[in-house]
Amino acid sequence: MMSFFSCKISCISPTTILVLTTFVMLLGIAVCSPPEDPIKCSNNRSDCTITNSYGAFPDRTTCRVAEVVYPASEDELIAAVAAATKNNRKVKVATRYSHSIPKLVCPDGEDGLLISTKNLNKIRKVDTMTGTMTVDSGVTLRQLINESAKAGLALPYAPYWWGLTIGGMMATAAHGSSLWGKGSAIHDHVVGLKMISPGHFEDGYVKVRTLNETDVDFDAAKVSLGVLGVISQVTFQVQPIFKRSITYTMKNDSDLGDQALTFGNQHEFADLTWYPSQRRVLYRTDDRVPLTTKGDALNDFTGFRPTLSSALAVIRSLEENQESRADAEGKCVAAILTTSLLRINAFGLTNNGIVFTGYPVVGYQNRLQSSGTCLDSLNDALITACPWDSRVKGEFFHQTTFTIGMSKVKAFIQDVQRLVSLEPKSFCGTEEYNGILMRYVKASTAYLGKEEDGIDFDMTYYRSKDPLAPRLFEDILEELEQMAMFKYGGLPHWGKNRNLAFEGVIKKYKNGGKFIRVKERFDPQGLFSSEWTNQVLGLKEGLSIVKEGCALEGLCICSQDSHCAPNKGYYCQPGRIYKDARDPIKCSSGNSNCIITNSQESFPDRSICRAADVVYPTTEAELISAVSAATMIKRKMKEAAKYELVLPHTPYWWGLTVGGMLGTGAHGSSWWLKGSAVHDYVVELRIISPGRVEDGYYKNRTLEEGDDDLNAAKVSLGVLGVISQAVSAILKGMAFGLTNNGKYFKGYPVIGYQNKLQAAGGCLTPGSCLLKSYCPWDPRINGEYFFIHGFSIGISKVKNFIQDVKKLVELEPKSLCGLDMYNGILMRYVSASTAYLGKDEDGIDFDIPSYRSKDPMAPRLFEDILEEIEQMAVFKYRGMPHWGKNRNVAFEGAIKKYKDGEKFLDVKQRCDPSGLFSNDWTDQVLGLKEGLSIYKEGCALEGLCICSEDIHCSPNKGYFCKPGRVYKEAKVCRKVKSIGIF
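Going letter by letter, the sequence shown gives residues -32 to -1, 1 to 950 in mature numbering (1 follows the signal peptide of the UniProt record, and there is no 0).
Rather than coming from a laboratory, the hints here were simulated on the basis of the structure. The structure presented is a predicted model; accordingly, all values stated were derived computationally and were not measured. Any given hint could be a false lead.
With a Cα cut of at most 30 Å, we get these calculated BS3-like pairs of lysine-lysine [said to hold, decoys possible]:
hint	residue 1	residue 2
1	378	150
2	150	90
3	774	844
4	853	904
5	475	433
6	775	936
7	378	433
8	904	765
9	378	219
10	393	54
11	150	118
12	536	822
13	515	822
14	853	774
15	482	536
16	378	361
17	822	547
18	853	782
19	765	853
20	393	378
21	925	822
22	936	864
23	482	515
24	393	478
For each label pair, taking beta carbons as the anchor points, the in silico distance ranges come out as [to be verified]:
hint	residue 1	residue 2	range
25	904	864	34 to 40 Å
26	651	472	54 to 60 Å
27	219	258	24 to 30 Å
28	485	210	36 to 42 Å
29	651	780	45 to 51 Å
30	931	774	16 to 22 Å
31	285	171	30 to 36 Å
32	756	888	18 to 24 Å
33	219	489	18 to 24 Å
34	774	891	49 to 55 Å
35	485	585	50 to 56 Å
No residue lacks a Cβ here, since even glycine has one placed at the ideal position from N, Cα and C.
With the hints as extra help, turn the sequences into a complete structure.
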């Protein structure tokens, strides 16, 4: 019986070779069925639908419009806009091939009007003296290139695919690759344009604006997303025609992070193609050369040529087979063969227009800068087609494309390489589409252009026809996408990408507000806007479409398992490298309409905590801005923590933040040095609190040792403000002991470095939508669900407390077996602290986890014993509850146990007099408000109250409110039989 690995090789490899052999045979094909019109109408030019050239928008919806018009002149275009404005009709502009992936072309409702620029395709003026060309917006890139060459001129930089129109490129900021001159973006070589927008009655319902580089609105119109109106004509600054020399060189990617930063400055038309799983990168050395340099090369890129439909079907079937079988090895074999054959055939470059004879390849700019021969051949009844033509079984893919600023490129590349080291085969699927294209782009003055020089990463990968089918290595591709957009602030390409890439995008543009103001002036009724463009521009909610399987299609970032494919073993998990790739704060619309919970997704009272908005400041300045804005409108605030520290003594779980530990007094176990509490090693911190109007509505306090308020801020419950920074005293060279070699236990003693022994939490590092192990308490699985009682007993009372617990065990010997299932009672040593809400004396912290039912009305086995221990610890022995654990009952009267409690309240009043960082719960805990105990049916079972009548227990299940057995003042829920006490 053959192994699974062998089966994959024997079944897949011959097919792959057959397909790629066919692929080589395609190199001479010269006829093709050009793409069909993306607009289809059932009744001449009415009752229409429009899609993109791939036949599917990101959300797979059908876009319907009432009517389409095809103006052939500027006058006809003006008339169409005027009529639509007069009738208050939604309008969108459609290009010849509709090549943009997002829903830029779809108007709202089904009564909208499409204006196709298919017939606006004239070259209006060529001026060789000024080096300018004026063309209609429906002219294709190929027309522009060819017509300029006839006049001895050249567009210096352009996208690599010539099936784009001028208007489409202007709307989406399309670009080539260069950091030289004005850069590679088409719009930055535009010196004038005419925009047709809605007008008032006195304007004849239309406004014609002629804009050039001296107009303040020009930088808004250069990249418009189609929301300012219809571009009628565009004037380009072109150059005298020139020649280029191209050489491709394959290298190892080990130094890609460094090379990428300099390569674009060394070569004018440089780009790189990265094959992460092959750990190789293809460098394109591409520069101008003198016109006298010999060569008449041609670029006819293989991927843009006409392809046999039968071959496309075989390739797609192979890809579907690889995905269904999770055949990573097959994908890698196919990727290596595909990229090797592309490289052998010089990616479609030929030295003389016929054959490739070797590098360098030298030719004229118009013959090298762009290609796309599958667009312009005779119709052959779909025997051949462009590879992505939706009428045949061909390519169907996602494209994730984004620009990372140069200052962050190296770190981003290194993070991707770390993902590859975790899953070496994870990028073979992208390599089947010729890897990740990296193009250089320059900062632009356009309001929605690039903010800084950067590299555009263009990644194409498999998309299933079934929207609920996950891809192979789904998690890695999702993590890369989120890491690029959110960790590194990547700017998504306006004409590509899935919905999630556009979340919060307008906030990344320093001139985004200016663009929106221009939009409101050009089109105050929003006729050229749609729900989708309003969502992208931050004017409307709903960009994320949260539903079953939404994360698989990039319609949302998963926040629960149903957003993935749990029936296929794919669950929502944090990222492996980018830990924030899943967030415990869940928002239904961008960063608005949110809920927050704890790691078990259940507070003691099982309530849902809702917030209108969440902000994610990355700098102290952004944090100050958030606090200031909230204070100005008297808005309640809370700080949310995520996962990490290194100190002499720490908690045993490393999934805590510094702010979270300081908020709750978290600790390890020691009486040595300053003790085990993290806050007692803080020597300085900065806290941002609400301020007065003359302070700018915020107060930034730096507290050091010697400041009285430091002792309040070291354990703050989050009610003083937001801790921005903390400085801790860290000791070096300490080796307190505990593993033999990091792998195996061979016997005691166990010796190792402090950083490897003091805390753990390996369950925090799985992937995104992937079948993985979980933290045992993860609420998305049927795992642990428990209460935690955590309290410190002063050392003078510890012995008596232990003896009382032993008396309870004597009465009910099996009563604490449930605790033993959670590894018993952890006892940690804690030292007295100077923090106002720290420990008042040296003591022992008792940490007791116990079973919690999903049913709040279900009592636990030995419910009375567990309740009695809790009350005995907190009230008889005046135990100090752990601020980050426990049930409500443990905090009753807690503030009165702290000798400096009043001092803390004084500091709180000074730091936040309006109580913006306080809430009902913290006010109740601090004794400023009543209502901490919640009296209702079954409340004692959940620790929301101490029972005072039977209804607080579960009388229908035989549990009644009774006195304690050892601590007689306790009131507990005990199971009672008719013949007596059980």
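(message) Of all the hints numbered above, which does this structure not satisfy? Sort the numbers upward.
(response) Hints 5, 7, 8, 10, 15, 16, 23, 24, 25, 26, 31, 33, 34, 35 contradicted; others consistent.
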